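Asks: Quick note, the sequences are listed as chains A, R and C, same order. With positions in the first sequence counted from 1, the corresponding number in this note's numbering is that position plus 2. With positions in the second sequence counted from 1, the corresponding number in this note's numbering is that position plus 412. With positions in the third sequence counted from 1, the corresponding number in this note's numbering is that position plus 474.
If you're looking for bench data, these hints aren't it; they were derived computationally from the structure. All figures in this text were calculated on a predicted structure; none of them were measured in a lab. Don't take every hint at face value.
[To be verified] Which residues of chain C face chain A? A few of them, derived with a C-beta cut under 8 Å, are:
1) N622
2) T627
3) S631
4) Q633
5) I635
6) T655
7) A656
8) G659
9) Q661
For each residue, glycine too, the CB sits at the ideal point set by N, CA and C.
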Amino acid sequence: MENYLSLFETYDVPAAFWVNIQLSFWAAIFALVIGTVLALFRISPIPSLQWFGAAYVNIFRNTPLTIILAFGFLGLFSVMQISLASDLNASLFRIAILGLALYHAAFVCEAIRSGVNTVPLGQAEAARAIGLSFLPAARLIILPQAFRGAIAPLGNVLIALIKNSTVAAAGSVATESSGLMKTMIEFRSDLVVPIFLTFALGFVILVIPIGLLTTWASRRLAVAR
Amino acid sequence: MSAQQVLFDAPGPRARRIILLGNIVGVLIAVAVLAWILSALAGKGQLAASMWTPFLESRTWEFFILPGLVNTLKAAGISIVTAVLFGLIFGVGRLSHSAPIRAVAGSVVEVLRAVPVLLMMIFFWLALGSSGAVKPQDAPLIAVVVALTLYNGSVIAELVRSGVHGLPRGQREAGMAIGLTRNQSLRNIEVPQALIAMLPALVSQFVVILKDSALGFIITYPELLQFTRRLGVGEGNVIPSLLVAAAIFILINFALSTLATRLSVLLSFRTKGRKPVAPGPLVPEAAAT
Amino acid sequence: MQKTRYAAAAVAAVAALTLSACGGGDSAESEGGESGGEMVRIGIKFDQPGLGYDEGGTYSGFDVDVAKYVANELGFGEDQIEFVEAPSANRENLLSNNQVDMIFATYSITDTRKETVDFGGPYFVAGQDLLVPTDSDITGPEDLEGKNLCSVTGSTSAQKIKDQYPGVQLVEQPGYAECVTAMGGGQIDAVTTDDIILAGLAAQEANAGKFKVVGNTFSEENYGVGLPKGSTERCEEVNAAITKMIEDGAWEEAITSNTEGADYEFNADLNPPTPAPCA
Chain A
3 MENYLSLFET YDVPAAFWVN IQLSFWAAIF ALVIGTVLAL FRISPIPSLQ
53 WFGAAYVNIF RNTPLTIILA FGFLGLFSVM QISLASDLNA SLFRIAILGL
103 ALYHAAFVCE AIRSGVNTVP LGQAEAARAI GLSFLPAARL IILPQAFRGA
153 IAPLGNVLIA LIKNSTVAAA GSVATESSGL MKTMIEFRSD LVVPIFLTFA
203 LGFVILVIPI GLLTTWASRR LAVAR
Chain R
413 MSAQQVLFDA PGPRARRIIL LGNIVGVLIA VAVLAWILSA LAGKGQLAAS
463 MWTPFLESRT WEFFILPGLV NTLKAAGISI VTAVLFGLIF GVGRLSHSAP
513 IRAVAGSVVE VLRAVPVLLM MIFFWLALGS SGAVKPQDAP LIAVVVALTL
563 YNGSVIAELV RSGVHGLPRG QREAGMAIGL TRNQSLRNIE VPQALIAMLP
613 ALVSQFVVIL KDSALGFIIT YPELLQFTRR LGVGEGNVIP SLLVAAAIFI
663 LINFALSTLA TRLSVLLSFR TKGRKPVAPG PLVPEAAAT
Chain C
475 MQKTRYAAAA VAAVAALTLS ACGGGDSAES EGGESGGEMV RIGIKFDQPG
525 LGYDEGGTYS GFDVDVAKYV ANELGFGEDQ IEFVEAPSAN RENLLSNNQV
575 DMIFATYSIT DTRKETVDFG GPYFVAGQDL LVPTDSDITG PEDLEGKNLC
625 SVTGSTSAQK IKDQYPGVQL VEQPGYAECV TAMGGGQIDA VTTDDIILAG
675 LAAQEANAGK FKVVGNTFSE ENYGVGLPKG STERCEEVNA AITKMIEDGA
725 WEEAITSNTE GADYEFNADL NPPTPAPCA
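Given the sequences, and given the hints that come with them, work out the whole structure.
Replies: Here it is in structure tokens:
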């Protein structure tokens, strides 16, 4: 037990989780924005935008996240010379956020599209009947209802995003929790089970409330029909 | 709702012009972005012929890409079978008549769904490696399979549960009426129908398994990504190698996703009248990882 | 690539010649009884060009050349060697579970490792060094202040530099290939690990002339031959083979041919090493 507690003096476990939380927070915001735009593309009247939205979703949804994060470092950072901050590690941190956001945006897009599917036909017809064109109709009528219908799937994307932030270690953010767990086990292989359980518990604490919250919210905010 | 048709009017002459303009601008932007990326790649010599010629040699495919692909498919294939078994057992467990079984199955599924696959892989890899219970060379494969099974099995358990819940109540009632016990009705009547309804979502989950098997390279499992990196380090063409690996993943997963969509269309006829479990993003967790 | 392959073929040919030359000597006969038709399983790296690299069914690199020479001295012909991948994390396990007979995989001799495995050799003394672009003016870790340094995830060597020179910006990547690609793009100023590993990376045809090994080593890593605990006899044989390899010039030949084009010279003060007495 003392052995176990001494781990926390040597290794800063909360800091590693904090890195995951930060990664997830920013990536979630960007993924939501990009995903909403993609969903708009996919339901828009312009064929090239529809095509772009579909192509984006099919490519990013079907590529392993590790490859996307590797391209963030090799492609964006090394070859395209894109620096998102003057400090190197801050720059790589933001590139990891970008990679996570681009990947999950595809799932956000599909979640919102499924939300759009819950909006009854009459709503769109009514919107058109009062003379709204595509963008105002989407903004005022369709999307607000679609988001309510999409809360549960969006919550699941958020949960997946939090868990996937551990893959960022394979990209370039070595300070997050899966990297720390690996180091800790390699140096203290006698405590392999307690170390794993600590990290697993951390994610359970992070993830399960979000699941409960989104389930509650999706019931609460569901459009009564 | 079929948004495409109702969200906007059939375009008139002016709207058609705007759409045409939009299309042209869209294509121009796409071409410009593509040109920018290509010129940056070319500027760093990534498009040089020597970067790509290795992919024309049979040696590259015979010793790097195909063995990697075989290992990826092996890990994913085994995991698919074990995850479906795990999902069936725990899914039925969650529907069990007995409260303790329900509680145990429920908490196992909830916890396993909350733990990142990568953490499980690293844990099983290091724990198995040092325990000496398995050959060190086998530890990575076993760790990949166990981690993928526990996580995806839990997701499949949820699919089974929601599939059974989606069935009309009359199915169970009919089962009971002909004298089956609740468990018999579950096994013989409800789960088989739920399986058909959840087939599209199940296939989508296979895409997740295949993608996540790529995490195996972090724990030294020699899957496709590991082999393409090895190729890349030897030929000095890491970026082209990863692009080829990505293309292979996209092709296989796209085929699986298309199959899932086809199945859901097909089954929506077959199972008309009840709620099919929708594929992909509609189903929690199947959406992402 | 064409060139590397010819080079590899040439190395193989040279190795084969030297090997067959030795095989004709006393060793094959004297050890014959022990090994007739048997296989020896040797753990090497599969992904470390210049040291241990799987070319696709054939293996190349300095570790591989030493392994073949030593195996031959022990009475195993080249067709009696089975190469097994020995990633860093698995090396002790592979030996203690008897999955391999010997390991030649940039395996540094340390006191902690000696508790679980035996070591023959050392057959090479490497040192932590820096790989930089050819036109770089970095000559040692003290020049790294404010520069971007790349290493692989979890590498303690990179962390040491970071601790000593807090101004260094450290990037950790899953493999050295990523580091080298990033340095080729100009976003990374230096890559750090053992000098011979860096030389192997720089010697790849695709990297020819782009990078140089600084040649200012700031640590000592004694590469040993990993053996299962309690193989003192085997250790003596391995040491004799290494000594012979150094004496007849095959050792230097193996280093030169595997680092050709890298602008690299091994640390001549420490190399070639004298194998340490077996415990």
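Asks: The structure should be examined with respect to each hint, and the outcome stated for every one.
Replies: Right, here's what the structure says about each hint:
Because the closest C-beta pair between C/N622 and chain A is about 5 Å apart, less than 8 Å, the hint holds. For C/T627, the shortest C-beta to C-beta distance to chain A is roughly 5 Å, which falls under 8 Å, so the interface hint holds. The interface hint given for C/S631 is violated, since its Cβ lies 14 Å from the closest Cβ of chain A, which is over the 8 Å cut-off. Taken as an interface hint, C/Q633 does not check out: its beta carbon lies about 10 Å from the nearest beta carbon of chain A, beyond 8 Å.
Interface hint at C/I635: violated, since its Cβ lies 14 Å from the closest Cβ of chain A, which is beyond the 8 Å cut-off. A cut of 8 Å between beta carbons decides the hint on C/T655: the least distance to chain A is about 6 Å, and the hint holds. The interface hint given for C/A656 holds, since its Cβ lies 4 Å from the closest Cβ of chain A, which is under the 8 Å cut-off. Interface restraint check for C/G659: the shortest CB-CB distance to chain A comes to about 4 Å, inside 8 Å, so the restraint holds.
Annotation: C/Q661 was flagged as interfacial toward chain A, and the flag holds, the nearest CB pair being 5 Å apart, inside 8 Å.
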